[in-house]
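Construct the entire structure; sequences and hints are all you get.
Here's the letter readout for the chains.
There are 4 protein chains.
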Amino acid sequence: MSPSREEKVAEYFNCSIRERAVFEAGIKLAAVYHQFIGTPISASNAESLERAIEEGVKVQPFVEDVKVSVDRSRLREKKNEYDYQSLTGEMLDVLVKIKIKNIRVTSRMRYIKDVRYPLMYVEEISED
Amino acid sequence: MSPSREEKVAEYFNCSIRERAVFEAGIKLAAVYHQFIGTPISASNAESLERAIEEGVKVQPFVEDVKVSVDRSRLREKKNEYDYQSLTGEMLDVLVKIKIKNIRVTSRMRYIKDVRYPLMYVEEISED
Amino acid sequence: MSPSREEKVAEYFNCSIRERAVFEAGIKLAAVYHQFIGTPISASNAESLERAIEEGVKVQPFVEDVKVSVDRSRLREKKNEYDYQSLTGEMLDVLVKIKIKNIRVTSRMRYIKDVRYPLMYVEEISED
Amino acid sequence: MSPSREEKVAEYFNCSIRERAVFEAGIKLAAVYHQFIGTPISASNAESLERAIEEGVKVQPFVEDVKVSVDRSRLREKKNEYDYQSLTGEMLDVLVKIKIKNIRVTSRMRYIKDVRYPLMYVEEISED
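Residue numbers (the working numbering), protein chains in the order written: chain G, 370 to 497; chain L, 370 to 497; chain Y, 370 to 497; chain R, 370 to 497.
Worth flagging that the hints you see were computed from the coordinates, not collected in a lab.
Hints may contain errors.
Heads up, the list lumps identical chains together, so a pair's fine if it works in one copy or across two of them.
Derived DSS-like pairs: lysine-lysine, alpha-carbon spacing no greater than 30 Å straight-line [claimed, not checked]:
| hint | residue 1 | residue 2 |
| --- | --- | --- |
| 1 | K482 | K470 |
| 2 | K482 | K427 |
| 3 | K377 | K470 |
| 4 | K482 | K436 |
| 5 | K427 | K448 |
| 6 | K377 | K448 |
| 7 | K468 | K377 |
| 8 | K470 | K448 |
| 9 | K377 | K482 |
| 10 | K468 | K448 |
| 11 | K448 | K466 |
| 12 | K427 | K470 |
| 13 | K482 | K466 |
Right, here's the structure in full:
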């Protein structure tokens with residue numbers, strides 16, 4: 370039997386499953402940031418954008434769960450043609466859970482006031 | 370009475386309303402292309418992405434209507450972790466209608482086989 | 370003789386050359402904004418990014434000239450690992466000149482304080 | 370003495386330095402992909418884009434080295450207005466080295482023919 374696509378891919382990785390899971394978590398968070406920052410946003414389309422970002426993360430490999438929320442307090446209601454903004458890292462809170470074999474990684478991106486930075490970090494790694 | 374935000378903006382334009390409407394149409398189509406190309410996509414999230422792109426266009430100035438469709442025949446069903454693709458210009462058909470005062474512009478982006486190119490063009494300009 | 374690629378493309382446009390030139394200007398400005406907003410930037414890489422954006426505009430159709438500048442006063446010198454920012458519309462000043470046949474369009478995107486908005490507008494249209 | 374910005378950031382990570390270094394590698398590769406895919410490219414601007422992507426990676430935290438190359442065999446010389454393409458994952462080869470304390474991670478993104486996929490993977494992890 371020929372090796373599956375996933376077996377072929379696995380051969381490129383020179384690290385543990387645990388390290389690979391963390392690597393995949395970093396990929397997913399940065400993908401959200403760099404793909405969607407700059408998207409036009411107002412109170413009226415925040416929810417459809419949240420759902421589309423979540424769905425776009427879910428189609429990628431090893432994603433067990435994802436939750437995206439845009440901070441509504443930073444958005445204006447549309448009162449004239451120019452009442453919309455561009456999505457920024459300050460507005461985003463993204464939670465991504467990766468699962469590869471028996472490893473689960475919980476990772477997150479959110480704006481940390483204390484360092485004035487939309488930080489991507491590893492909240493937890495667990496093994497079954 | 371102080372000038373509105375839109376009156377202030379209008380002063381920067383040295384062209385007719387008709388030309389401005391065409392300019393705005395070009396902006397909207399290129400925004401879709403350059404914001405969303407590269408987004409992870411498969412048969413499962415195509416619809417949520419279409420709606421989010423449409424909503425993101427609608428919050429911008431002078432958009433009367435917008436219709437986005439992703440060519441399903443180019444998408445794979447997810448059978449393994451790597452069965453997803455990145456959104457390309459070949460997959461997209463985007464129709465944007467701009468209205469400023471009495472001018473309507475219908476513009477479109479779609480892949481034209483004959484020139485192997487996702488072309489953005491002006492389908493129609495009409496005046497009430 | 371078979372029609373050239375440009376002749377084939379021209380047939381899709383239902384507008385004047387003048388209107389098409391304005392449409393192309395809108396496309397170029399929005400392409401810069403939505404492609405590059407979010408790019409990591411600090412004082413050290415601002416110039417290479419400016420040049421790359423300019424070169425990326427120049428390869429597109431009908432571009433006669435382009436000038437991109439990033440507002441250095443908004444950038445931090447790198448003193449620690451987190452001293453960089455993401456490119457925003459507030460930092461950008463982009464001038465694009467389009468030429469189709471005898472028509473020249475000068476268009477611009479820059480942050481307008483008065484309306485708190487990175488505005489894209491048509492500065493001038495001229496005919497030879 | 371108050372904690373530095375980097376000490377504050379470190380507290381958010383619930384993982385080893387080694388895992389964090391791998392996480393940062395994933396972030397950098399995905400940032401390149403999702404920021405720059407879709408950029409207009411031809412033989413004439415490939416080099417300036419390569420340099421700008423490299424410089425944009427270098428300003429991010431913990432990057433020791435980065436090398437970006439665009440596959441010239443996939444690019445067309447500009448013979449008419451439409452002879453340019455959009456950057457795709459198939460064209461890119463990106464090598465990123467991360468260093469945190471005594472840990473070095475070498476990571477890479479390149480198109481793997483065998484799986485028809487621009488794969489991001491961990492080539493090597495080493496400790497001083």
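Cross-check of the supplied hints:
no., hint, verdict
1, K482 / K470, "between (35 Å within a copy, 25 Å between copies)"
2, K482 / K427, "both (28 Å within a copy, 24 Å between copies)"
3, K377 / K470, "within (16 Å within a copy, 32 Å between copies)"
4, K482 / K436, "within (21 Å within a copy, 33 Å between copies)"
5, K427 / K448, "between (34 Å within a copy, 14 Å between copies)"
6, K377 / K448, "between (54 Å within a copy, 16 Å between copies)"
7, K468 / K377, "both (19 Å within a copy, 28 Å between copies)"
8, K470 / K448, "between (50 Å within a copy, 17 Å between copies)"
9, K377 / K482, "between (43 Å within a copy, 11 Å between copies)"
10, K468 / K448, "between (44 Å within a copy, 17 Å between copies)"
11, K448 / K466, "between (38 Å within a copy, 20 Å between copies)"
12, K427 / K470, "within (17 Å within a copy, 33 Å between copies)"
13, K482 / K466, "both (24 Å within a copy, 29 Å between copies)"
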